[in-house]
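Taken in order, these protein sequences are the chains called D and F.
When the letters of the first sequence are read in order and numbered with this note's numbering, they come out as residues 69 to 520.
When the letters of the second sequence are read in order and numbered with this note's numbering, they come out as residues 69 to 520.
The hints are simulated quantities; they were obtained by calculation from the structure and are not laboratory data.
No false leads were mixed into what you were given.
It does not matter which identical chain is used: a pair holds within one copy or between any two.
As a list, the in silico DSS-like pairs of lysine-lysine whose alpha-carbon atoms are at most 27 angstroms apart: (1) 136 with 202; (2) 442 with 125; (3) 443 with 404; (4) 404 with 442; (5) 516 with 136; (6) 136 with 515; (7) 165 with 139.
Number of protein chains: 2
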Amino acid sequence: MPRRILVVGGVAAGPSAASKAARVDPGAEVILFERGPHISYGICELPYYIAGDVPEKALVAYTPAQLKQAKRVEARTLHCVEEILPRERSIRVRDLKTNTVHTERYQKLILATGSSPRTLGLAGEDAANVFHVKSLENGLHIKSFVDAERPSRAVIVGGGYIGIEMADALRSRGLDVTLLHQYELPLSGLELLTRQEVLKVLIANGVRFVGEAPPVRLLVDGGRVRRVDTAKGNYDADLLILAVGVQPQTGLAKRAGIMLGEFGGIVVNPQQQTSATDVFAAGDCCEVKNLVSNRKMYLPLATLASKQGWVAGENAAGGHTRFPGAIRATAVRAFKLEVAQVGLGSEEAKLARFDVAVETVTGSSRVAVMPGSKKVTVTLIADRRSRRLLGANLFGEEGAVLRANTIAVGVQHGMTVDDMQQWDLAYSPPFTPLWDPVLIAANALQKKMYRK
Amino acid sequence: MPRRILVVGGVAAGPSAASKAARVDPGAEVILFERGPHISYGICELPYYIAGDVPEKALVAYTPAQLKQAKRVEARTLHCVEEILPRERSIRVRDLKTNTVHTERYQKLILATGSSPRTLGLAGEDAANVFHVKSLENGLHIKSFVDAERPSRAVIVGGGYIGIEMADALRSRGLDVTLLHQYELPLSGLELLTRQEVLKVLIANGVRFVGEAPPVRLLVDGGRVRRVDTAKGNYDADLLILAVGVQPQTGLAKRAGIMLGEFGGIVVNPQQQTSATDVFAAGDCCEVKNLVSNRKMYLPLATLASKQGWVAGENAAGGHTRFPGAIRATAVRAFKLEVAQVGLGSEEAKLARFDVAVETVTGSSRVAVMPGSKKVTVTLIADRRSRRLLGANLFGEEGAVLRANTIAVGVQHGMTVDDMQQWDLAYSPPFTPLWDPVLIAANALQKKMYRK
Chain D
69 MPRRILVVGG VAAGPSAASK AARVDPGAEV ILFERGPHIS YGICELPYYI
119 AGDVPEKALV AYTPAQLKQA KRVEARTLHC VEEILPRERS IRVRDLKTNT
169 VHTERYQKLI LATGSSPRTL GLAGEDAANV FHVKSLENGL HIKSFVDAER
219 PSRAVIVGGG YIGIEMADAL RSRGLDVTLL HQYELPLSGL ELLTRQEVLK
269 VLIANGVRFV GEAPPVRLLV DGGRVRRVDT AKGNYDADLL ILAVGVQPQT
319 GLAKRAGIML GEFGGIVVNP QQQTSATDVF AAGDCCEVKN LVSNRKMYLP
369 LATLASKQGW VAGENAAGGH TRFPGAIRAT AVRAFKLEVA QVGLGSEEAK
419 LARFDVAVET VTGSSRVAVM PGSKKVTVTL IADRRSRRLL GANLFGEEGA
469 VLRANTIAVG VQHGMTVDDM QQWDLAYSPP FTPLWDPVLI AANALQKKMY
519 RK
Chain F
69 MPRRILVVGG VAAGPSAASK AARVDPGAEV ILFERGPHIS YGICELPYYI
119 AGDVPEKALV AYTPAQLKQA KRVEARTLHC VEEILPRERS IRVRDLKTNT
169 VHTERYQKLI LATGSSPRTL GLAGEDAANV FHVKSLENGL HIKSFVDAER
219 PSRAVIVGGG YIGIEMADAL RSRGLDVTLL HQYELPLSGL ELLTRQEVLK
269 VLIANGVRFV GEAPPVRLLV DGGRVRRVDT AKGNYDADLL ILAVGVQPQT
319 GLAKRAGIML GEFGGIVVNP QQQTSATDVF AAGDCCEVKN LVSNRKMYLP
369 LATLASKQGW VAGENAAGGH TRFPGAIRAT AVRAFKLEVA QVGLGSEEAK
419 LARFDVAVET VTGSSRVAVM PGSKKVTVTL IADRRSRRLL GANLFGEEGA
469 VLRANTIAVG VQHGMTVDDM QQWDLAYSPP FTPLWDPVLI AANALQKKMY
519 RK
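Bound-form chain D, shown alone:
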């Protein structure tokens, strides 16, 4: 009898896991259940779709028919998994089109239930002009709302990655944009200098950033939010975007007695196994090991969902592979500015009891006198005792993100500042200066660490 592998959730980790399982065990029957109407789409592209830079058809990687054809995975959309019965190795699934519930048995189950957007907890949040940026439907709705209604004033709540990308997108569509954030500066968790630079860029591009201004009241009229009130002032809105983070969607796992961690995500081992026999999990519903601090964290990123999906899928299909964890490597474009973070931030590193040394340098993306050269600022964070590289922030109008990825390799592999200082990197005037900003930063931090 063929192995029966069921997958719950069809956005990112789910299709990745299902496709991998079907490839590793060509005899297996692999079925994916998705509550919504779409599967296999990119949430990260939504701001660029709304801005008009990316066409709608590019958002979906595979339709159910394509997934069947290309990957031998049966995807059942508008199917909501309501219960897991681990001892019976079965799930209860509601077909939302017929509103009937039936039981599906499995040999292996993979949970890829994702995350749900956080809310403000205010009356009016369900008004017709209030949107999250969390699903394909959200993205399609925002775009058609902007296209059809031509709103002139947007209020965005949340100054994280998505909030900034949406501010950029809506400014490019000609809207007046107010960005309300809980803290004084955008991008909580990044270094002070990075956050100050991003604030400058937001202001320079006409975004009204209001720090320490969580909404306290939504003024609703005619089924629409018309004004957002905060302790720092009241802001008129034709359109309200909520980008205040996400939380792991784990009701199903919790009810089945599957162990959750301190951040509310499903606890998995490096094989992506949960506490329940034959049940795997991957993506935004899981917690993940931080390879720098060696602690668990909650980090809902598409790259991790995709990789964890592969690992869960391969192992569910009888393979043996591991997902070691993540260092946290993230990037965002704030208008023309590239911003990237890898590893621990300096405050976070102090909390993790490292003896933190930090140094910031500004170099150039190419030989400084070459046409097109831009400034690149690198902040390196290391531990004085072990001399180990803990993390970095980079920003600049060119080559900041890819340089962050070079540093990421050093951070992931536990290299010291001294290792980094000896990196042999390619040099050519149109692409790098003789001393790349990455190496200048290592030199400067090494010098600083010797001085103390």
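Place chain F on chain D using the hints.
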């Protein structure tokens, strides 16, 4: 009595070493001797200067007066060191302005005598319209020749990095360009696919590339080369550029009995010490350890000169530091194409007795549907026995060189393909696809290595 540190050579490694020595031992007397009229300039920028992209004043980092002021180093230009007397700890220096020779004593000596351009060995090479691209004077002469004489046909000999950069520069100045190369394809030492791509780009940009066509005769008339004859045809020339490589300039060291290696360069240890007591060497005059093959190589690169200069300078001034070696990381722009190599090539790896596995993938520089996204092709080379990453070639119109630098860190630190496959890299649609080409390449090579 202050320590007296003498430095021979003023282009790249010399000023780096002298500046570092003066900083490490603030009491030291540091004197640098340079045969030519200029010090501390960038040879790598010359093609961009000739193209008109970089101004003349940007070529020189420090004049002698600035070096004195900023670094406390006395630079004596037009001073030719003619002899080293290691036992007496002295050198004999000819002042080219007065044509007098005098003796200078030292406690520590640093040789940074650089490299000299290879020649064709043909009559006519010294004609007024024949140029190397090896010194600031060369660059100034080529630029003023092109500006003043408006030549219409250039022949470039040598399809390596400099030859390609000069082809690009002279095409941008409107010249008809013929590029003669010894082998069938440009960029000997890179992978076949890379070389084929570069050939395509050269042709697409109007360069007449002629492979297997070393010049056999130069037709000279009126003191100028008018035609270059090869077995593949004869090419009219108003201007002839020779870019056929360089060799270590070691006459001085050799006459002093300092040990040279199999490639003719000075042999140094990781402290940049030569075989002679208290004599250091750095830059193009030295051989360097290849950290991948663990063998010596000759690799005249500005980045290595600068780093070795630091190490030689610090150690000469009483410090203790090391230059571990290089993996060979190089980059070149061929018109719009970024090309980079790190580590060993596949042929070279076979010669070094690795059990070579090679895989090539093409990904995109950003999420493929994002505006501005370009293709990036990554070829990875690894050893099947150890699974160790040995090297890579990358090309593409965006983000190839900086991605090569990420791979370089893995190659330098002896990582395996499996390590690389687990790299946690930052992702954001405007900068990388969800699966970066670097990771796609690692996945593909890993799969290929399992298959065998």
